[in-house]
Amino acid sequence: MNARLIILMLLLMAVPALAQGFAGLGGDAQGFAMPRRGVPLAFPRDHGAHPDYRIEWWYLTANLKGDDGRDYGAQWTLFRSALAPEERPGWQSPQLWMGHAALTTAERHYSAERVGRGGVGQAGVTLAPFSAAIDDWNMVGHAKPPADELSALTITAAGEGFSYRLELDAQGPLVLQGERGYSVKSAQGQASYYYSQPFYRVTGSITVDGKEIVVTGQAWFDHEWSSQPLAKDQTGWDWFSFHFDSGAKLMGFRLRDQGDGFTSATWINPDGTPEPQPPGALTVTPRAWAEMKGHRVPVQWNVSLPARGVAVTTAPVIEDAWMETQVEYWEGPVRITGSHPGVGYVEMTGY
Amino acid sequence: MLAQGFLALLSHWRRHRLQLAMLLLGLALATALWSAVQAINGEARASYARAAAVVGQDRLEQLVRADGMRLPQSDYIALRKAGWLVSPVIEGEKRFDGERLRILGIDPVTLPREAAQVDVGAEDIGLSRFITPPGLFIVSRETADRLAGAATPPLSISEALPSGTVLTDIGIAQDLLDAPGQLSRLLIDPRQPTAAKPLAEVAPHLVRRAPVAESDLSRLTDSFHLNLTAFGLLAFAVGLFIVHSAIGLAFEQRRPVIRTLRAVGLPLRTLIGLMVAELLVLSTVAGLIGVALGYGVAALLLPDVAASLRGLYGAEVPGTLSIRPSVWGLGLAIAVAGTLASAASRLWRIAAMPLLAPARPRAWSLASERSLRLQAAAGLALLAAAWLIVGFGAGLVAGFTALGAMLLGAALILPLLLSVLLKLAAALSKGVVAQWFWADTRQQLPGLSLALMALLLALAANAGVGTMVQSFRQTFVGWLDQRLPSELYVTTRSAAESLQVREWLRQRSDAVLPIWNAELRMFGQPVQVFGIADHATYRDHWPMLEAEPDAWDRIARGEGVLANEQLMRRAALRLGDTIPLEAGVSLPLVGVFSDYGNPKGQVIIGVDMLVKLFPDASRLRYAVRIAPDRAPQLAADLRRAFDLPLENVVNQATVKDFSLKIFERTFAVTAALNVLTLGVAGLAIFASLLTLSGMRLSQLAPAWAMGLALRRLALLEVLRSAALASFTMLAAVPVGLGLAWMLLAVINVEAFGWRLPMHLFPLDWLRLFLLAVASAVLAALLPALWLTRRRPADLVKVFANER
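These protein sequence lines are chains A and U, in that order.
Quick note: the first sequence uses my numbering, first residue 4, plus one each step.
Quick note: the second sequence uses my numbering, first residue 46, plus one each step.
I should point out that these hints are in silico values taken from the structure, not numbers from a laboratory.
Source: prediction; values computed, not measured.
Treat the hints with care, as some may be off.
Claimed, not checked - Short derived list, chain A residues pointing at chain U, Cβ under 8 Å:
no. : residue
1   : 87
2   : 88
3   : 99
4   : 118
5   : 120
6   : 124
7   : 143
8   : 146
9   : 149
10  : 164
Beta carbons are placed, not taken as given, at the ideal position from N, Cα and C, and that holds for glycine.
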């Protein structure tokens, strides 16, 4: 999911306090470890942080339905970025953390952001049990061994006007993206380690402007880490994660550049078997545009993957799902119609 | 026509270059002193504002411990985990090669944007360098210069920081301050999520503190700057006397020109307009020179001012000036406004003058006895007003208004007083020459009265401020003896060391008296709380102003509080009032002590009470009693035994020395301004005598014709000037004493919170008297010299000229 690599880079570039460590991104990885083909991922170890890699994130999106019958969406993300490929005690830690949380209703999109330093206990990821946290936002595992540490999670977050508490229960296995977790990102060969857990069933409650709503739904978790810079000509991306009613899942993205762009996708069977698609197999076309907070953004898409007979259209729960964080982007829940009906999440940056 | 008219008016100055020089000089000097004070104040205020704005303290709410002590870092984490958007700050002091610096540690990642003065992510700093040991010191250029060569982390320059302050990463600062895991306060981000848990649940020992819009510093130093401003104004007023007299003279001398211009058809309105334009040009030129000069004076004075502000208030003000547009604007404005005000009455007279009024230049428009009386009556009214303001007014501004009214009133009475004195002298004198001398002096009085009034103001200010400073000094020295009875003062570096040092000293000295303290806010101001032991040292020496008879017993039992005079006055306390110490604990006020030189309020309680109420009070300092001849040896032994730095063990003499040094520097500025004001007054006399000398031939010629030699006449001119200065000095002494009384009993009480007894120093007056006479003689010398060089033909012409 190269898209999120860019988001993190842009985010950190725009935060003046955090920018300096990334000024060298156009060059080499400055002593950071690089993903290598053929290195197997090991769990639970690889659920934790990898401080010798430059960037890393734990990313969760949930499509929810309230007991009032309406559609909702929730996002919970923890980013890690390292100024140096090591960990040091206390305030000396070069690890920086950033959290994004959002809650989407049909009327309004709420978003919030948190930042903090590693080493002092304000933010970080620990194992046994799994815990990813920044401030009062938590993603805590409570699975009983030998089940995977991520197979049962509680996530909480709160921002201005909203809060949520969701219980996540995995109905399927972890899914390794790309070549068994080694995910090639672009024609130039950039890569990351990347796996997902797209099979969560969700129960819980959300609170919007003081009103509590009981919700159920499904959620998608990504964990990805890398050190590599991106191509300079990439201007933004469009990323899609779909839960089809059939039980199958689809992850796809398009990186926009001066030319045709670069698309990639993974078809995930209901039993969790991934089928990586070759570059260019996925096509995405904007179907309708809308203007929000000074940005013109596609709000409906035609997405097709002919190899799997997929020809669907997305429509957002709310058009204005703009993240008002230090670097802004669009991220929100969508409904899917067409050959494979369902729900999903779309992320768009660079508009 | 317009141009010719203007040229005709201006031609006057070409023929009277000295007069022009005097006008410009007077105005420039007056503006200079005023601007100097403004520049100094501006510099100081800017640095207070920088200090107040550091890490957004002036805009952001903060969480602190109620007792002012540091809080554990775990509080920070707990609050963040409870949803509070707070950012940690640690603050402390540390010496680098003898330079004491305020260390300010921040976390640039969570710092609210309102608090971010310095862009830590900028190219020349870099977050990575900032947070990675050895870290980075962000300092002002001046601080960087002071630190040149010291063993510090790399420096980065930012002018957003106040002088003497170091901005660095929180982790680096904790290491430097030897305070791992400790914080001074937490900044509250204004964008708080609504869901955060209540403070009482998460960190009950923390309290919210409102943003401090005005720093304690600027409040404390306000009076200091008002004092300077008042002096600047006084100097300006004295300078205006010169301007007034020079303009008046020029207008009188230009009567023929004015008549001619009017006669050839220049409308009155145009004429007045031209004269105003002329004044604008002159005052602008003089104003510009004045402000430039003012910066020079300010640059000379600023190091002293900075030193005394640091000594008195701990306020860091850079010793270098920056150019402020406001000072230029204000300086120019006051120069122009002052000139126009000085000229208003003259312009009015020209407007009212008949077209063909006699164009006879006179020495001066002779003031009648009647107008002298009117003037004196106005002066008396001003004195009465001053008395009323002192009686019923309150506040520093009222104090200075009363001061101004008194000085101006005294100045207005002066001419009548001198006239009466001269009349008396004439009546008492025998001989023709002596009688002519007094009569001629009286005749000259109206022309000199303005300059003499300026002299009176300068002399009175000198005598008054001198008396105030000397009284303060005498009281202060005596008070230091009372306040510092112990032989040694020891500051330990940690709680553990404190215990060891105490035990060590106990075996080797007569008494070890703890000086432990905490900080709190009461009556809306920061107050220091000291705990002292029950010991004869205090009972016998402490400088009490008033106290209950059993005050010391009650302090020892933890049943009473002593307060310093400034707290007593600011909070309007009386013996027996209850003082709120800690939540729920209040004790009665049993005594008030004098505490000169301390800008803060202070209370004293028994040391046991202190430890009970403030368990975290700083317990690092001790006073040691020992036979004075054994003190140096004990100090040396103590330093060696605990490897204590030199400044941590000081003897009484050093403390006294240090205190006196601060005192001297504080008044160095006052003394400098005093001398400058006197200089301006001397110049005023010189200017008046100089311009009068050209016109006095008609009075001197008859005396010469009747046989008085020119040399003798010249001598008499000098004597006359000396006599007038002497009389003025006689009048200045009571005015000066009045001024001193007002400074000690009104201004100081308002400004600093303490009232001092007044002492008289007649020897100082004698010195001032000699100075006044000397400056008057000096001023009269040049005109007298010119007189001796007059050709007889000039004098004879007086009788021939049709005048």
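Q.
Less than 8 Å between beta-carbons is the criterion; does residue 124 of chain A satisfy it with respect to chain U?
A. Check passed: Cβ of residue 124 of chain A comes within 5 Å of chain U, closer than 8 Å.
Q: Under 8 Å, Cβ to Cβ, is where residue 143 of chain A needs to be relative to chain U, so tell me if that hint holds or is violated.
A: violated, 13 Å
Q.
Does the closest beta carbon of chain U sit nearer than 8 Å to the beta carbon of residue 99 of chain A?
A. With a closest approach of 6 Å, the residue 99 of chain A hint holds.
**Q.** Closest C-beta approach of residue 164 of chain A to chain U relative to 8 Å, hint status
**A.** This interface hint holds because 7 Å falls under the 8 Å limit.
Q) For the hint on residue 118 of chain A, does the least C-beta distance to chain U fall short of 8 Å? A) holds, 5 Å
Q) Are residue 149 of chain A and chain U close enough, Cβ to Cβ, to be under 8 Å, as the hint says? A) Given a least distance of 30 Å, the restraint on residue 149 of chain A is violated.
Q. Can we keep the residue 146 of chain A interface hint, with Cβ of chain U closer than 8 Å?
A. Violated: closest Cβ of chain U sits about 23 Å from residue 146 of chain A, beyond 8 Å.
Q.
Take the shortest C-beta to C-beta distance between residue 87 of chain A and chain U; is it under 8 Å?
A. Nearest chain U Cβ about 7 Å off; hint holds.
Q | Interface hint status, residue 88 of chain A versus chain U (Cβ within 8 Å) | A | Given a least distance of 12 Å, the restraint on residue 88 of chain A is violated.
Q. If you take the shortest Cβ to Cβ gap from residue 120 of chain A to chain U, is it below 8 Å?
A. holds, 5 Å
Consistency with the previously given hints fails for numbers 2, 7, 8, 9, ordered from lowest to highest.
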